[in-house]
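These protein sequence lines are chains A and B, in that order.
If you count the first sequence from 1, you need to add 3 to reach our numbering.
If you count the second sequence from 1, you need to add 505 to reach our numbering.
Treat the hints as calculated values from the structure; they're not laboratory data.
This one's a predicted model, so the numbers in the text were calculated from it and none came from an experiment.
One should not assume that every hint holds.
Example chain A residues on the side facing chain B (calculated, C-beta under 8 Å, incomplete) [said to hold, decoys possible]: (1) Asp8; (2) Glu10; (3) Tyr11; (4) Lys43; (5) Gly47; (6) Leu49; (7) Ser56; (8) Lys58; (9) Ser107; (10) Ile110; (11) Asn112; (12) Ser144; (13) Gly190; (14) Leu191; (15) Gly195; (16) Thr207.
Chain A is nowhere near these chain B residues, computed Cβ spacing over 12 Å in every case [to be verified]: (17) Asn526; (18) Asn537; (19) Ala538; (20) Thr566; (21) Leu569; (22) Asp570; (23) Lys572; (24) Cys616; (25) Cys653; (26) Thr654; (27) Gly669.
Computed Cβ-Cβ distance ranges for the label pairs, DEER-style [to be verified]: (28) A:Asp178 x B:Val657: 43 to 49 Å; (29) A:Asp61 x B:Asn598: 41 to 47 Å; (30) A:Arg192 x B:Gly599: 38 to 44 Å; (31) A:Asp178 x B:Asp570: 29 to 35 Å; (32) B:Asp512 x A:Ala161: 34 to 40 Å; (33) B:Asp570 x A:Gly159: 33 to 39 Å; (34) A:Ser194 x B:Asn598: 31 to 37 Å; (35) A:Gly159 x B:Glu641: 48 to 54 Å; (36) B:Asp512 x A:Arg192: 44 to 50 Å; (37) A:Pro225 x B:Leu601: 48 to 54 Å.
The C-beta atom is built at its ideal place from N, Cα and C for all residues, glycine as well.
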Amino acid sequence: MYMPDFEYHTPETLTEACALLDELGEKATVLAGGTDVLHKMKVGKLAPGHLVSLKNLDDLRTISHEPGRGIVMGALTSHNAIYTSRLLQERYLSLPMAAHTMASNQICNMGTVGGNIVNGVPSADLPPILIALNASIRLVSSNGERTMPLEDFFHGSAETVINQGEILADITIPDQPATGSTYIKFGLRRSGALAVVGVAVSVTMDGDTLQDARVVLASAAPTVMRARGAEDFLRGKKISDELLAEAGDRASAESRPRDSIRGSAEYRRNLVGVLTKRALRKAIDEGHA
Amino acid sequence: MPQAITDKDGVKRYLITLNVNGDAKTVLVKGNAILTNVLRDELDLTGTKKGCELGDCGSCTILLDGKPVDSCLMLAVEADGREITTIEGVAANGRLDAIQESMINHAAVQCGYCTPGMVLSAKALLTRNPHPTEPEVREAIAGNLCRCTGYVHIVEAVLAASQGRTAPADH
Ligand SMILES: Cc1cc2nc3c(=O)[nH]c(=O)nc-3n(C[C@H](O)[C@H](O)[C@H](O)COP(=O)(O)OP(=O)(O)OC[C@H]3O[C@@H](n4cnc5c(N)ncnc54)[C@H](O)[C@@H]3O)c2cc1C
Ligand code: FES
Ligand code: FES
Numbered sequence: 004m005y006m007p008d009f010e011y012h013t014p015e016t017l018t019e020a021c022a023l024l025d026e027l028g029e030k031a032t033v034l035a036g037g038t039d040v041l042h043k044m045k046v047g048k049l050a051p052g053h054l055v056s057l058k059n060l061d062d063l064r065t066i067s068h069e070p071g072r073g074i075v076m077g078a079l080t081s082h083n084a085i086y087t088s089r090l091l092q093e094r095y096l097s098l099p100m101a102a103h104t105m106a107s108n109q110i111c112n113m114g115t116v117g118g119n120i121v122n123g124v125p126s127a128d129l130p131p132i133l134i135a136l137n138a139s140i141r142l143v144s145s146n147g148e149r150t151m152p153l154e155d156f157f158h159g160s161a162e163t164v165i166n167q168g169e170i171l172a173d174i175t176i177p178d179q180p181a182t183g184s185t186y187i188k189f190g191l192r193r194s195g196a197l198a199v200v201g202v203a204v205s206v207t208m209d210g211d212t213l214q215d216a217r218v219v220l221a222s223a224a225p226t227v228m229r230a231r232g233a234e235d236f237l238r239g240k241k242i243s244d245e246l247l248a249e250a251g252d253r254a255s256a257e258s259r260p261r262d263s264i265r266g267s268a269e270y271r272r273n274l275v276g277v278l279t280k281r282a283l284r285k286a287i288d289e290g291h292a
Numbered sequence: 506m507p508q509a510i511t512d513k514d515g516v517k518r519y520l521i522t523l524n525v526n527g528d529a530k531t532v533l534v535k536g537n538a539i540l541t542n543v544l545r546d547e548l549d550l551t552g553t554k555k556g557c558e559l560g561d562c563g564s565c566t567i568l569l570d571g572k573p574v575d576s577c578l579m580l581a582v583e584a585d586g587r588e589i590t591t592i593e594g595v596a597a598n599g600r601l602d603a604i605q606e607s608m609i610n611h612a613a614v615q616c617g618y619c620t621p622g623m624v625l626s627a628k629a630l631l632t633r634n635p636h637p638t639e640p641e642v643r644e645a646i647a648g649n650l651c652r653c654t655g656y657v658h659i660v661e662a663v664l665a666a667s668q669g670r671t672a673p674a675d676h
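Can you build the whole structure from these sequences, using the hints too?
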């Protein structure tokens with residue numbers, strides 16, 4: 004397959020990488036695992052003048068718990084590194100399990116969480132569970148850095164608020180009261196299929212009362228979205244099967260899916276309801292799973 | 506940054522070292538050279554196959570620092586200095602690996618196009634998890650598509666190899 008030509012760069016530090024992006028401007032594209040970038044270049048959707056490879060930035064490949072901050076995960080962490088992280092398995096098993104629903108073993112050894120976020124597509128599997136866990140991100144550039152809730156990063160199909168010259172450095176999952184969370188992905192096959200719809204939830208239980216809940220939908224709108232109506236409805240209520248079904252109906256009504264080769268809008272809307280109910284039940288009964 | 510050499514026509518190439526099957530190979534490649542092509546065309550390691558070239562089929566699977574990756578979605582320059590195992594490096598001292606032996610004995614190979622990638626995915630699994638369950642085997646090879654066998658014999662062959670048997674169980 005044809006690969007367009009480009010200039011290749013391998014900065015040694017984050018500072019150097021930011022300086023390079025500034026110098027090269029619009030012609031530069033960041034290269035992490037390359038599973039999206041090279042795919043796009045091969046099918047003729049992308050022809051950057053320069054590729055700035057992050058491969059030497061080993062600091063962005065670590066996962067650690069920082070007291071007072073939470074779990075900090077470098078943007079270059081691969082899907083398989085998330086899946087096999089003891090720290091994440093112990094605290095939020097839902098995130099390793101979400102990483103495990105993705106692609107094939109080969110792609111999971113290559114693809115990174117940063118690429119999955121910055122790519123900005125509504126079918127990406129990691130943003131929903133990260134948003135359910137109230138994650139924030141740190142964007143670094145030569146002009147300094149900014150931190151924002153991950154949910155504020157997306158604002159349209161494949162559109163994000165990242166600026167030219169910015170690099171996603173890390174993702175933080177804050178220490179939090181949530182008692183359970185999960186991501187349920189519905190794909191056409193168990194392996195190697197993108198989400199027809201995915202639903203991530205987190206719940207904070209107090210006895211059998213839902214103190215708080217987050218419901219986040221993948222492939223159900225032009226961008227990953229929170230079903231805030233469903234969340235508001237659930238807050239402070241005693242759980243019952245009827246309550247969870249009603250929350251599912253509300254999430255379904257809020258969703259804005261489109262017809263695509265993977266499923267019709269009507270089918271997807273229906274799936275949002277079913278999966279929301281199931282995901283809430285699972286997070287309530289099984290904790291972070 | 507690997508050393509860059511620009512020829513008289515202004516084409517820039519990089520001098521990279523790939524540690525392939527235990528040998529350090531130094532090759533001069535353009536930035537846009539895909540790793541599959543460098544292995545096949547520069548190093549004559551044609552056991553690594555090209556199918557979809559987009560990360561879907563796994564026929565280009567190699568082990569990078571012991572882990573399976575699709576070499577069709579990787580630039581050769583990105584692999585500079587890394588350890589690579591291709592199918593040519595699986596047999597040692599003229600003897601086939603137990604997985605290869607077992608695949609032959611289980612008739613798990615038909616056209617053979619998927620086989621190199623399949624063996625490497627299975628090899629990585631058994632190195633990490635010497636006694637996998639059937640679902641674990643199926644999961645490990647889920648990124649390797651086979652249009653011929655229907656997978657049943659492949660899964661049996663990998664399980665048998667993990668149990669120290671390379672001949673099929675009686676049917
Ligand atoms: C066969 C196949 C199957 C797939 N299956 C799935 C799936 O099931 N679920 C799913 O969600 N995705 C899937 N994907 C998509 C892709 O693998 C993931 O989105 C992956 O996480 C992308 O990460 P990457 O490191 O490879 O990104 P890259 O291709 O390196 O980059 C992707 C984008 O993000 C930018 N970028 C990357 N890192 C940074 C950073 N730190 N800072 C700033 N910008 C950055 C790049 O410039 C580019 O625009 C699949 C892809 C393939 C080829
Ligand atoms: S050729 Fe690489 S995955 Fe198909
Ligand atoms: S044996 Fe032909 S593709 Fe697997």
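Evaluation of the provided hints:
no.: 1; hint: Asp8; verdict: holds, 5 Å
no.: 2; hint: Glu10; verdict: holds, 7 Å
no.: 3; hint: Tyr11; verdict: holds, 4 Å
no.: 4; hint: Lys43; verdict: violated, 10 Å
no.: 5; hint: Gly47; verdict: violated, 12 Å
no.: 6; hint: Leu49; verdict: violated, 12 Å
no.: 7; hint: Ser56; verdict: holds, 6 Å
no.: 8; hint: Lys58; verdict: holds, 6 Å
no.: 9; hint: Ser107; verdict: holds, 2 Å
no.: 10; hint: Ile110; verdict: holds, 6 Å
no.: 11; hint: Asn112; verdict: holds, 5 Å
no.: 12; hint: Ser144; verdict: violated, 22 Å
no.: 13; hint: Gly190; verdict: violated, 12 Å
no.: 14; hint: Leu191; verdict: violated, 14 Å
no.: 15; hint: Gly195; verdict: holds, 6 Å
no.: 16; hint: Thr207; verdict: violated, 33 Å
no.: 17; hint: Asn526; verdict: holds, 19 Å
no.: 18; hint: Asn537; verdict: violated, 4 Å
no.: 19; hint: Ala538; verdict: violated, 8 Å
no.: 20; hint: Thr566; verdict: violated, 6 Å
no.: 21; hint: Leu569; verdict: violated, 7 Å
no.: 22; hint: Asp570; verdict: violated, 9 Å
no.: 23; hint: Lys572; verdict: violated, 5 Å
no.: 24; hint: Cys616; verdict: holds, 21 Å
no.: 25; hint: Cys653; verdict: holds, 18 Å
no.: 26; hint: Thr654; verdict: holds, 17 Å
no.: 27; hint: Gly669; verdict: holds, 24 Å
no.: 28; hint: A:Asp178 x B:Val657: 43 to 49 Å; verdict: holds, 48 Å
no.: 29; hint: A:Asp61 x B:Asn598: 41 to 47 Å; verdict: violated, 35 Å
no.: 30; hint: A:Arg192 x B:Gly599: 38 to 44 Å; verdict: holds, 40 Å
no.: 31; hint: A:Asp178 x B:Asp570: 29 to 35 Å; verdict: holds, 33 Å
no.: 32; hint: B:Asp512 x A:Ala161: 34 to 40 Å; verdict: holds, 38 Å
no.: 33; hint: B:Asp570 x A:Gly159: 33 to 39 Å; verdict: holds, 38 Å
no.: 34; hint: A:Ser194 x B:Asn598: 31 to 37 Å; verdict: holds, 35 Å
no.: 35; hint: A:Gly159 x B:Glu641: 48 to 54 Å; verdict: violated, 40 Å
no.: 36; hint: B:Asp512 x A:Arg192: 44 to 50 Å; verdict: holds, 47 Å
no.: 37; hint: A:Pro225 x B:Leu601: 48 to 54 Å; verdict: holds, 52 Å
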